[in-house]
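Using the hints, position chain B against chain A.
Chains as they are written, first to last, in the UniProt record's numbering: chain A, 1 to 125; chain B, 1 to 125.
Since the hints were made in silico from the structure, they are not lab data.
Not the full set, but computed from the structure, chain A residues with beta-carbon under 10 Å of chain B:
#, residue
1, 4
2, 40
3, 68
4, 73
5, 75
6, 99
7, 114
8, 116
9, 119
10, 121
The list that follows gives simulated cross-link-like pairs (lysine to aspartate or glutamate, DMTMM-like), each with its CA atoms no further than 25 Å apart:
#, chain 1, residue 1, chain 2, residue 2
11, A, 125, B, 5
12, A, 8, B, 68
13, A, 125, B, 68
14, B, 12, A, 38
15, A, 8, B, 38
16, B, 8, A, 37
17, A, 48, A, 16
18, A, 8, A, 106
19, A, 8, B, 37
20, A, 48, A, 24
21, B, 12, A, 68
22, B, 125, A, 5
Every value quoted in this text rests on a predicted model; they were computed, and no experiment measured them.
Virtual Cβ for every residue (Gly too), placed ideally from N, Cα, C.
2 protein chains.
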Amino acid sequence: MPQEDVIKTVMKQYIDRFNQDDVEGVLSLFGEEATVEDPVGSPAVEGKSAIAEFYKKVVNGNTRIRLEGPIRGSHSNSGAMALQITTSAEGKTISIPVIEVMTFDEQGSIASMKAYWGPGDMVIK
Amino acid sequence: MPQEDVIKTVMKQYIDRFNQDDVEGVLSLFGEEATVEDPVGSPAVEGKSAIAEFYKKVVNGNTRIRLEGPIRGSHSNSGAMALQITTSAEGKTISIPVIEVMTFDEQGSIASMKAYWGPGDMVIK
Numbered sequence: 001m002p003q004e005d006v007i008k009t010v011m012k013q014y015i016d017r018f019n020q021d022d023v024e025g026v027l028s029l030f031g032e033e034a035t036v037e038d039p040v041g042s043p044a045v046e047g048k049s050a051i052a053e054f055y056k057k058v059v060n061g062n063t064r065i066r067l068e069g070p071i072r073g074s075h076s077n078s079g080a081m082a083l084q085i086t087t088s089a090e091g092k093t094i095s096i097p098v099i100e101v102m103t104f105d106e107q108g109s110i111a112s113m114k115a116y117w118g119p120g121d122m123v124i125k
Numbered sequence: 001m002p003q004e005d006v007i008k009t010v011m012k013q014y015i016d017r018f019n020q021d022d023v024e025g026v027l028s029l030f031g032e033e034a035t036v037e038d039p040v041g042s043p044a045v046e047g048k049s050a051i052a053e054f055y056k057k058v059v060n061g062n063t064r065i066r067l068e069g070p071i072r073g074s075h076s077n078s079g080a081m082a083l084q085i086t087t088s089a090e091g092k093t094i095s096i097p098v099i100e101v102m103t104f105d106e107q108g109s110i111a112s113m114k115a116y117w118g119p120g121d122m123v124i125k
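Pulled out of the complex, with its shape left as it was, chain A reads as follows (with noise of 0.2 Å):
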């Protein structure tokens, strides 16, 4: 089991990175079998590929992640933190509150990635 701080650390490399468009960053930090189902209730990526095919659309140089308050640890393998994340289409400007949730392998990459957000969330002004 990764330590928890190894856990927060990923984590935060994985805001920065998105922050920085760096997509081949942000996948480095899964591992090969990882899961990512973002919005819960929406079917889960799975596997490095699926994942990486996945990120080249989010990753897009106008998405930015704000961390709101500390990243959460946990008695396990699992991390948890609240974003909010910004994006723009068609001359809008779209943030939605999120919470993701991530669990570790041993070797301390993302074994999965769950983000919480509804339809009544979206915020398009």
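The following block gives chain B in isolation, referenced to the frame of chain A:
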């Protein structure tokens, strides 16, 4: 599947009733077969009578929950929220940033609660 606004209303009631030291009110939000894992990584508390024992300990008149940011929904039966929990013991104030994820049954009762916080998250003053 309960609607997103039902999920968020119940999660807000959970906080409000907890802060009013209304143990019975908190318990009435849970389904009979519910589980509570607090913190994540500890053995789950299973079933309503075990959950009653758990909340009779933690709803103790000096533990308060502050919601940080909006409660997040999902595209399924889940919600998530960022909290700051404050309590006291032996003359010390204990603050813990926590993220709670809940799932809900068809009736809008809490089916599971997971509280993400790690040993390194606790601040004692």
